[in-house]
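J.: At position 46 of the sequence shown (counting the first as 1) the number is 46 in this note's numbering, and the numbers step up by one without a gap.
Mixed in with the good hints, there may be bad ones.
Distance windows between CB atoms, simulated [what the hints assert, rightly or not]: (1) Pro105 - Arg159: 40 to 48 angstroms; (2) Asp30 - Ser148: 17 to 25 angstroms; (3) Ala18 - Ser138: 28 to 36 angstroms; (4) Arg159 - Thr135: 31 to 39 angstroms; (5) Gln36 - Ser12: 20 to 28 angstroms; (6) Val23 - Pro105: 38 to 46 angstroms.
Calculated pairs, EDC-like style, for lysine to aspartate or glutamate (alpha carbon to alpha carbon, straight line, at most 16 angstroms) [as the list claims (entries may be wrong)]: (7) Lys57 - Glu82; (8) Lys57 - Asp30; (9) Lys57 - Glu87; (10) Lys139 - Asp11; (11) Lys57 - Glu101.
Calculated from the structure, these hints are not laboratory results.
Here the structure is a predicted model, which means the values were calculated and not measured.
The C-beta atom is built at its ideal place from N, Cα and C for all residues, glycine as well.
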Amino acid sequence: MAANLQQGRTDSATRFIAAPADVIYRAFVDPTAWPQWLPPEGMTGQVYEFDARPGGKYRMVLTYDGDHANAGKTSDDTDIVEGRFAELVPNERVVQLVTFESDDPRFAGQMRMMWSLASAAGGTVVSIIAEDVPTGISKEDHDVGLRSTLENLARYVER
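Start from the sequences and build out the full structure, keeping to the hints where you can.
T.: Pasting the structure below:
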């Protein structure tokens with residue numbers, strides 16, 4: 001995977017989740033959990049490959065539900081995401097190196113996503129930092145997507 005040298009934008013989101021860090025961390029390393037919380041609102045996901053260990057890879061297809069304003073990165077209604085787990089620190093941090101399967105150069109390159117878990121009274125503060133975001137992903141859309149994913153994660157682990 002080539003470095004995404006022409007990029008450089010960093011997006012982030014943070015949310016308090018009323019669940020302990022170990023419960024949240026398990027949702028990050030369980031391939032059956034991912035389709036339930038990772039896809040932003042308006043999308044569904046299917047995991048095709050998943051090896052949750054440092055250096056392990058994953059492949060996920062995200063599909064837009066019904067009519068949607070944005071075209072998918074891989075096809076009109078899909079995003080195929082391939083990633084690698086760069087770092088897994090139980091109950092503290094998950095770092096992923098993410099690429100999108102796309103012929104559009106605006107989605108080329110590798111995005112680094114760091115998910116941090118910090119214990120707090122009554123739960124955990126979960127933060128996402130996405131570095132080298134491809135230019136084809138607007139900041140506004142990414143901010144909405146990151147917040148939506150955090151809301152989904154909260155619903156998944158707080159039940």
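J.: The structure should be examined with respect to each hint, and the outcome stated for every one.
T.: Verification of the supplied hints:
no.: 1; hint: Pro105 - Arg159: 40 to 48 angstroms; verdict: holds (41 angstroms)
no.: 2; hint: Asp30 - Ser148: 17 to 25 angstroms; verdict: holds (20 angstroms)
no.: 3; hint: Ala18 - Ser138: 28 to 36 angstroms; verdict: holds (31 angstroms)
no.: 4; hint: Arg159 - Thr135: 31 to 39 angstroms; verdict: holds (37 angstroms)
no.: 5; hint: Gln36 - Ser12: 20 to 28 angstroms; verdict: holds (23 angstroms)
no.: 6; hint: Val23 - Pro105: 38 to 46 angstroms; verdict: holds (40 angstroms)
no.: 7; hint: Lys57 - Glu82; verdict: holds (7 angstroms)
no.: 8; hint: Lys57 - Asp30; verdict: holds (13 angstroms)
no.: 9; hint: Lys57 - Glu87; verdict: holds (12 angstroms)
no.: 10; hint: Lys139 - Asp11; verdict: holds (7 angstroms)
no.: 11; hint: Lys57 - Glu101; verdict: holds (14 angstroms)
Going through the hint list in order, the structure satisfies each hint without exception.
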